[in-house]
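Position 114 of the sequence shown, counting from 1, maps to 114 under UniProt numbering, and the rest follow consecutively.
Please keep in mind that the hints were generated in silico from the structure rather than gathered at the bench. Yeah, the Cβ is synthetic: ideal placement off N, Cα and C, and Gly gets one too. Take the hints with a grain of salt, since some may be wrong.
[Stated by the list, open to error] Calculated lysine-lysine pairs in the BS3-like style (CA-CA distance at most 25 angstroms, straight line): (1) K133 <-> K112; (2) K46 <-> K63; (3) K89 <-> K46; (4) K2 <-> K63.
[Stated by the list, open to error] Using C-beta positions, here's what the derived DEER-type ranges look like: (5) P52 <-> V6: 19 to 29 angstroms; (6) F23 <-> N48: 36 to 46 angstroms; (7) P15 <-> A127: 42 to 52 angstroms; (8) D14 <-> F68: 36 to 46 angstroms; (9) K112 <-> A65: 16 to 26 angstroms.
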Amino acid sequence: MKIQVVNSKGQVPDPYRINWKKFTRQNFPYRFRQSTGCDNALGIMKFNLNSPYSVYLHDTNLKLAFNFSRRYLSHGCVRIQKPVALANKLLEEPLDEAFLNAGIKGQQPVIKLLPEPVPVFILYMTADVMAGKTVHYFADSYHLVK
Numbered sequence: 001m002k003i004q005v006v007n008s009k010g011q012v013p014d015p016y017r018i019n020w021k022k023f024t025r026q027n028f029p030y031r032f033r034q035s036t037g038c039d040n041a042l043g044i045m046k047f048n049l050n051s052p053y054s055v056y057l058h059d060t061n062l063k064l065a066f067n068f069s070r071r072y073l074s075h076g077c078v079r080i081q082k083p084v085a086l087a088n089k090l091l092e093e094p095l096d097e098a099f100l101n102a103g104i105k106g107q108q109p110v111i112k113l114l115p116e117p118v119p120v121f122i123l124y125m126t127a128d129v130m131a132g133k134t135v136h137y138f139a140d141s142y143h144l145v146k
């Protein structure tokens, strides 16, 4: 899983040189993140959304998941099957797909800003009307329907 300790300046200090005993929950100046690279659970890229729910679109290191009939494997974020193709549709300049797919570990994240905001709507539906006006019901996987 390769977890990194990150300080408030975004630096990755040596965790063995930190005096962990001097910190409490109230004065903890670090955060933790999974190392970058192709084995990261978020895959090689994520798309941040302007959302109060900390939900984003992301690649996955578990490409096999797209073959599952039920893919509710996360806690709300949305896995994207072809993230490079999506990024190249949204960005002005295409990404270097070979570089991204190399999954270079320890690479500093690169932030690419979109030229224009793109509205994203995510619907959670437990029922839908299909062709022929037939109602189909789906499992409430996240137990949101009351």
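Which hint numbers doesn't this structure obey? 1, 6
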